[in-house]
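If you read the sequences in order, they're chains A and B.
In this text, residue positions in the first sequence follow numbering that gives the first Met the number 0: the first is 0, and each later residue adds one.
In this text, residue positions in the second sequence follow numbering that gives the first Met the number 0: the first is 0, and each later residue adds one.
Everything labelled a hint here was simulated from the structure, so no lab data went into it.
These figures come from a predicted structure and were not determined experimentally.
There may be inaccurate statements among the hints.
Note that identical chains are pooled: a pair holds if it fits in a single copy or bridges any two copies.
To be verified - Below, simulated DSBU-like cross-link-like pairs (lysine-lysine); rule was C-alpha separation at most 35 Å, straight line:
| no. | residue 1 | residue 2 |
| --- | --- | --- |
| 1 | Lys-252 | Lys-157 |
| 2 | Lys-202 | Lys-138 |
| 3 | Lys-281 | Lys-3 |
| 4 | Lys-84 | Lys-200 |
| 5 | Lys-24 | Lys-173 |
| 6 | Lys-173 | Lys-3 |
| 7 | Lys-200 | Lys-237 |
| 8 | Lys-237 | Lys-202 |
| 9 | Lys-200 | Lys-4 |
2 protein chains.
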Amino acid sequence: MERKKIAIIGVGLIGGSLAIQLHEKKLSSRLIGVESSPEHAAKALELELVDEVLPLEEAIASADVIILAIPVDSMVSLLPSVMDKIDRQMVLDLGSTKSQLVEVISHHPKRGRFCATHPMWGTEYSGPAAAVKGAYENKAVILCNPEQTDEDVLDWVKHMFAKIGMRQLVMEAKAHDLHAAYVSHISHITSFALANTVLEKEKEENAIFELASAGFESTVRLAKSNPAMWVPIFLQNKVNILDVLNEHIEQLKKFRDSIRDDKTEELRTLIEDANKIRRIIK
Amino acid sequence: MERKKIAIIGVGLIGGSLAIQLHEKKLSSRLIGVESSPEHAAKALELELVDEVLPLEEAIASADVIILAIPVDSMVSLLPSVMDKIDRQMVLDLGSTKSQLVEVISHHPKRGRFCATHPMWGTEYSGPAAAVKGAYENKAVILCNPEQTDEDVLDWVKHMFAKIGMRQLVMEAKAHDLHAAYVSHISHITSFALANTVLEKEKEENAIFELASAGFESTVRLAKSNPAMWVPIFLQNKVNILDVLNEHIEQLKKFRDSIRDDKTEELRTLIEDANKIRRIIK
Chain A
0 MERKKIAIIG VGLIGGSLAI QLHEKKLSSR LIGVESSPEH AAKALELELV DEVLPLEEAI
60 ASADVIILAI PVDSMVSLLP SVMDKIDRQM VLDLGSTKSQ LVEVISHHPK RGRFCATHPM
120 WGTEYSGPAA AVKGAYENKA VILCNPEQTD EDVLDWVKHM FAKIGMRQLV MEAKAHDLHA
180 AYVSHISHIT SFALANTVLE KEKEENAIFE LASAGFESTV RLAKSNPAMW VPIFLQNKVN
240 ILDVLNEHIE QLKKFRDSIR DDKTEELRTL IEDANKIRRI IK
Chain B
0 MERKKIAIIG VGLIGGSLAI QLHEKKLSSR LIGVESSPEH AAKALELELV DEVLPLEEAI
60 ASADVIILAI PVDSMVSLLP SVMDKIDRQM VLDLGSTKSQ LVEVISHHPK RGRFCATHPM
120 WGTEYSGPAA AVKGAYENKA VILCNPEQTD EDVLDWVKHM FAKIGMRQLV MEAKAHDLHA
180 AYVSHISHIT SFALANTVLE KEKEENAIFE LASAGFESTV RLAKSNPAMW VPIFLQNKVN
240 ILDVLNEHIE QLKKFRDSIR DDKTEELRTL IEDANKIRRI IK
């Protein structure tokens, strides 16, 4: 397929990493960044993640494809006005929640020009300096409600993710949010809460620094993640997240009670149950 | 220093990985394994982790140094009888809890021949096949209550860990157990409980497999850990673990309540507090 002029709204971890791939895989003829933060705009240019930075309206007018990679609350408020401004351009988003987003434009006259996607990749860092090469390769991407997207848009989106080397799955937006709560969002909450627990109990920061093993680091790593990205995700997906978070608190209480009451066999069974994750995560 | 004949009681992940280092750093003239599992004994010989496998009494009689690397409940029951059987040999353990162990031999006539140590390294795997090269390098090791250990024993133990490339810290046994609960044991409980949460809620295992990102994998990795090792750790260190686990449940409830009540600013503050872990964990 022909290379496209692509505008990326939000050139941070997610948008910046995609920009690198779009260029490397010869999918873009020109990359245009849109950035609300002047520091991020300057950094994105310095790192050559994009060819130029333009105001939103100009970027939309000069692009063939518009990709939104901003926090999911901004996404929901910005997407309808982006759709208002386009002609025949294609629009896609890379956000971590989908129900509210597809709902807010479900009756938009240009709904067909939009494709909702969620590439399952991220790190605990943020901003353009956090963008990495090869980020999305061999990862999964979810296309939500593709039956609402025009065929030519869907064809290009599938072509783009295939060239980047992503496994593509189709999911209804509500199902996406449910699974994302279980497999991604809850991990971030447990990691944030673990960091707060240890910072609360372990007053000797030097002890954390000296003693922290690879195990501690891996469970607490996500606690470095950016609130601007995660607060809106937790609030938009609150029903699913509250459900899984309540279950998690119950599971922790089972550990607590069996330790407190010296129930060796119960404790062993709880751990053996947890070991079943080996079947799924190698 | 002269190379030693070293007996390793328990040639699994921890003992087997140390055996590799003892040989590589020319600390051992001969490595003798003691194994209650015939399969592990055969595997340890096949992998050449040890030169021979002997029954406990013979191993003690022919060794200069005896290293215990078995679950901490077996450690507490076995150590006094090992101390009964030695003459002038040196004994050390590599266990994850220390208070009960130093208590149980505090009045032993040969107490000075023993040194309590905790190298801060491990993985979620177990058994001799899980032993890895270079495991302990650049990690911390804690020496507990060294004032109760004879000088010649302490000298060799320090020499050994220094040659392996470990940072050595001294800590009182009770302080060790407190810090270990905060910085290691709680991470394992949260990971086990997260695995059980997701396995309970996410009935579509295929969805976990397809969608699980690096973030999920890192928070749930420790859930593969061996119950034979971890049940006794949790029970021996129950006072400290219950304390930090109750705090963790409270921290999770703060996240739950602020999400449930749409308290955006509170949620942002909770995450910003968690971000402070960046100061400590790079």
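Hint check:
Proximity of Lys-252 and Lys-157 under a CA criterion of 35 Å is satisfied in neither setting, with 44 Å inside one chain copy and 41 Å between copies. In this assembly of identical chains, the alpha carbons of Lys-202 and Lys-138 lie at most 35 Å apart only when taken from different copies (22 Å versus 39 Å within one copy). In the homo-oligomer, the alpha carbons of Lys-281 and Lys-3 never lie at most 35 Å apart, since the shortest distance is 38 Å inside one protomer and 39 Å across protomers. In the homo-oligomer, the alpha carbons of Lys-84 and Lys-200 never lie at most 35 Å apart, since the shortest distance is 52 Å inside one protomer and 41 Å across protomers.
Taking the shortest alpha-carbon separations for Lys-24 and Lys-173, only the intra-copy value of 32 Å comes in at or below 35 Å, while the best inter-copy value is 57 Å. Proximity of Lys-173 to Lys-3 under the C-alpha cut-off of 35 Å is restricted to the intra-copy arrangement: shortest distance 31 Å within a copy versus 64 Å between copies. For the identical chains of this complex, Lys-200 and Lys-237 are neighbours both inside a copy (28 Å) and across copies (15 Å), given an alpha-carbon limit of 35 Å. Proximity of Lys-237 and Lys-202 under a CA criterion of 35 Å is satisfied in both settings, with 32 Å inside one chain copy and 20 Å between copies.
Neither within a single protomer nor between protomers do Lys-200 and Lys-4 lie at most 35 Å apart by alpha-carbon distance, with minima of 52 Å and 42 Å respectively.
Checked against the numbered hints given earlier, the structure breaks hints 1, 3, 4 and 9 and satisfies all the rest.
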